[in-house]
Each structure stands twice: as C-alpha cells, then as structure tokens.
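Student: Given the structure of chain E, go ahead and fit chain R onto it with the hints provided.
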Amino acid sequence: MTIDAAAPDRAVKRTDLPFLRRRSKPVAAAHSKIADFVTGRATAHAGQPGARPGQPSAQPLNPSVGQRTAPVPPRTTPAARPPVPAEPRPAPAPPPTATSSLDLFAPQPVSPQPVSPQPVSPQPVPPPAHPRAASGPPRSGSTSLDLGSPPPAPATTQSASPARVASSTSLDLGGPISLPPHAAPTRPSGSTSLDLAPAPPAAPSRVPAASTPRRAAPAFPEPRTQQGISTILTPFAPTVTLTRVQSGVGSLTFEAVVAAGVGDLRLGVAYQLRSGRSSTVQHHAGRRFAPPGETRRPIIMASRQQFERLALDLRQVTELERCVVYAFSGDGGRLRWGGTLVATTFGGDRIEMPIELPPSDAVAVLASVYNIHGQLVLRSEMDLIGRTVREACRGYGFDRITWLDEMSPVD
Amino acid sequence: MAPPMKRGANVALTQEIPSLTGVVLGVRWNAGSEQALAENLVAATILCNEQSRAPSEEYFVFFNQLISPDLSVAQLAQALGDDREQIEVDLGDVPADIHRIVVALYINDGPGARRTLGQLRECGIRVLNLADGQELVRSENLAPALRSETAICLGELYRHPTGWKFKVIGQGYDNGIKGIAADYGVPL
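If you read the sequences in order, they're chains E and R. Numbering of the first sequence is given in my numbering, commencing with residue -10 and proceeding in unit increments. Numbering of the second sequence is given in my numbering, commencing with residue 535 and proceeding in unit increments.
Accuracy of the hints is not assured; some may be wrong.
As the list claims (entries may be wrong) - Interface residues of chain E toward chain R, partial, derived using beta-carbon atoms under 8 Å:
1) 232
2) 276
3) 290
4) 293
5) 303
6) 306
7) 307
8) 333
9) 335
10) 363
As the list claims (entries may be wrong) - Derived coverage of chain E by chain R (criterion: at least 3 residues anywhere in the stretch with Cβ under 8 Å from a Cβ of chain R; other residues may be distant):
11) 234 to 244
12) 277 to 288
Claimed, not checked - Only part of the chain R face toward chain E is listed, based on derived beta-carbon distances under 10 Å:
13) 642
14) 705
15) 709
16) 711
17) 721
18) 722
Simulated from the structure, these hints should not be mistaken for lab results. Where a beta carbon is used, it is the ideal one built from N, C-alpha and C, also for glycine.
Chain E on its own, in the form it takes in the complex (with noise of 0.2 Å):
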C-alpha cells in the first residue's frame, strides 16, 4: 500500500463544511523574526547544521578536559580546518545593526564556517595564533537585553573551546566552562560588569608576563629570626618561626651557656615522634640518642663539649611532631637559675632564650618545638613545672611515656 503525500493537497474543498481545516503544510513565516525565534532556527549555529538549542550532542565531550597533567588533546589549526562553503541562511535576517534594544533573537552564529570535526595531530600553536582567538569578530548587534539563549556548543573538536562568544551579552548566567588542559581562553570582548559566568583561568603561557606568587601569604607576619642578628626571646615576644629552609637543612641546636654558679644544670629533650613513638634523651642518664638505641642515625642527639648540647637531625624532620628541652640539676641540688639556652639554626642564625627562674630544685621546662606544616616554631617557655622530669613531662602532655622511676622512662 503507497500513501500519496499530494493527496490531502489534491482533496476537494468541502464547502458544506466550513468547520473542517483543510489540511496542507505549513508555509513557513516568511521572513518573520518571530517566526524564526520560534522555530529556533535563529539559535541554530552556523557550523552544526540541524542543531536546536537543547538538543543533545552526539560527540562526546572530550574526558580529559580539566585534567592538567592529562595529554595535549589534538587541536585544530587554522591551517587545517578543510575550507566549507558559509551555509545559506534559511531566511534572510536583518542587518545585525538594525536590531533594537528589545532584540528577542538568539545570538548570531559566530562563524559562518563549520568547525571541521576532524581533530588533527598536536601541534605547538603560539597563543597569538590560537584558532580560538580568531573565531570570529564580535557581532556588533548585541545589545545589553538580548534574551536569545547561548548557541549550543558544536560537538567538535571546537566545541571544547574556553571561549566565550564574542556576542555574550551583559545577562550571560551561563555556568563554568570546562577547559582543555593548556587551552587558551579568551574573554568576550563584548562582556560587561553584569557577566555572571566564572572567569575562566588565566592561560599558561611559555613566559608569563610577571612573577606572581600564588601560594596563600600568611595571615600574620611570623616572627623570623635575622641573619647577624641573635633573636631574643622574651615573655611578651615569646616565639619564633624557622623557614622550611631553616627548619629542614642541617642540624638544629640547643646549648645551655650557663656559669659555674648556677650549679650542676643538665639539659632533656622530651619528644614525640609522628609515628606515635615518645620518648626522652638526657646525656646525663646515658641516653643520648632517639630513637633509643638508634646511633647509627638519631633523631636527636645529645652531648656535652663546654656545654650540654643537643642537636636535631632536619633530614628527618618530617618525623617529629614536637619537643621540649628541659633543665633540672644533676647532683639533686638547688640551682641559682641564669644563663641562655641558645638555639642555633644551620645557617647560623641564634635564637637566644634568657634563663630568668628564681632559685629551685625542680625541674624547668624551658623551650617547647612544634612542627607546624614543615616550619618549627620555638618558644621560650621558662616554667618551673614539677619536681621530676616525670612531672615535667607529664605537665607538657606526654602521656606516652611508661616510666621506670621518676627520672627514667621504660623503652
């Protein structure tokens, strides 16, 4: 059975009955701008054929857009794009000057040439010579209340371009536009104060125009040591803040220049390692290393020249959470409190700690390291907090350490 299409064309007239529509194709609105807004057709883009706004694509986006290690996609040169003659438009538009500023139509197409789907080898294109910056020029009859939506993104290669088009207007809600990995965007020209979409990133150009940090400044200025000049640490300035330089190159060092008189002044450490390991070394008690037992390459050393000392492996200083140096007497007897605790860093930068304690037996907590996202932070505590290193640390939250007497712990 053959259906003939002429047949509702060639039925007779029924007069009799006026009600009935006769029945034949529609004749399009001649040259009507309502009549294209309508149909669509004046959003349809000039390099997708066919294409209505809403309709979906049939390529698929490219996964690997916003990746930023993820391979060069292929992009598409000038040079290779295959010359397409412009398409004829279905109905001759009016001048885009002549539009008023109640233009109710889509956005003119940007280019009147389709974007060749063909993707082509990567090749290094100059950001000057970027196709994308070329894609056409703005339309000059865009005005600030065009209510046409946005052309819908070809599903080409193209189609992944960051840039806006030239004719986006000043109501353009038009969310985040995904980009290509070392794509190059370029703002709308024709874009005003009330663009709402996101700026897209900056391109990555060889050489950038200037050198712009991009790491988060501090919220405050930390205070830092000086080179050349000791910095003091007092009850009213009581820390300081190393580098990531200062706080991971060398060794960091703590000596007590104390006099004779104080009496018989021994330095601790307390420590607490990252992986949970706590601990103390005291030269006095033979414990010089930490990890306990680890000579071959400790953590913390101690050792006693003029003075006691000890000394911090920054190689390793991803390892250490925290620590607090101590002070007690080491014959059991009443220390006149004076002297400094002198930290040195490895470039030589002291940072000075002025023992200033009334007379006492017990022991003194006396400068506390904190590992702060890879810068230690040294304060000068001064605090005379219990009349054992037990007690002492104990006060200082060292909960994890089992103690064999009140001056030794159990490793």
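Tutor: Structure of chain R alone, referenced to chain E:
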C-alpha cells in the same frame, strides 16, 4: 637512545622538541652498602633569577618544601620508576624572572657520622618528558670524579633565546650545601 651527556654538555630541549611543555628531572644515585649515606642524601632544586640568585628561601625546593611559590616546580614525595628523586617542571608556568633551575644533591650535615660523595658508586641526572615520561637525555655517571665533596650541582635548566636548554654541571662542593647556598643566594 642518545649517548650520555658529559659535564658541561647542553641540549636545546624546546628547540628540539617544540611540543615540550614540561620536563621531569630525575636524580639517581647508588651508595652501595653505605646505607647511612643514602639516607642522608637530599636532592634540592633552586630557582634562580637572571643573576643566578634565588629570590627567596621559598625558591629552594626540597623534601620539606615540595613546591615553589609559583607552583611551577614540584618535587615528588615518592619518585616513580628508577629515580631516587624526581622534580617536575612545568616550563610554561615558570615565572619570567626565573632564568635557571638548578638541581643539586647534598649530604645533610646532621648529628650523625659524616660522609662524603666520594663513597657513591653512581650519581646522575636525566630529563624526561612530563607528558609521556619518555627519557630525553641523561648525564654520564658523575660519581667517579667525586672525592671529599659533600654536595654537587648536577644540572640545570636555563632560558636561552631559542627556548629552554638543559646542561650537565657536575660541580662538587667541599663545604656542602652551605657552598651551594652561598653561590645561589639561598638564605639558610
């Protein structure tokens, strides 16, 4: 594969490979049975301006500062493949005022026993394409010429009118990282 580059040799990377957008600098060494030496070796990268000086201590990239302020140079916390350390350089993101990127290897001067680079059996640097990991060039073994040095500048990336070039340096320092820091203006 290209023959290993000798000390002082250079190659025009971006001129030879125009599509090159980034490189990986791989540092490798073999300390043999000297485990303490291997554990105390540190690879560091110094970003320098036109006067071959680091603008600040933030431009010293190493294990405790894994990335430069401009995010163009980053050291991997865990190297991939056979390299002991790897530094990724995004050439397009390197600031315009950075003219050379020097890779050094030094022994950390900690409280433990002292070592020298003369105990190394093998030491070298190689350049890989950041995009696909393909090795582009590698240096010769720099270890045989080392004696009492405790630091060495292995190689450098530097700007040239023709693009980025790579050069094998191989210069040792008896005074360790202090000597390198003094030469390149890194505040310690």
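Student: Against this structure, judge whether each hint is valid.
Tutor: A quick look at each hint next to the structure:
no.	hint	verdict
1	232	holds, 5 Å
2	276	violated, 15 Å
3	290	holds, 4 Å
4	293	violated, 13 Å
5	303	holds, 7 Å
6	306	holds, 6 Å
7	307	holds, 7 Å
8	333	violated, 12 Å
9	335	holds, 6 Å
10	363	holds, 5 Å
11	234 to 244	holds (count 7)
12	277 to 288	holds (count 3)
13	642	holds, 4 Å
14	705	violated, 19 Å
15	709	violated, 12 Å
16	711	holds, 6 Å
17	721	holds, 7 Å
18	722	holds, 3 Å
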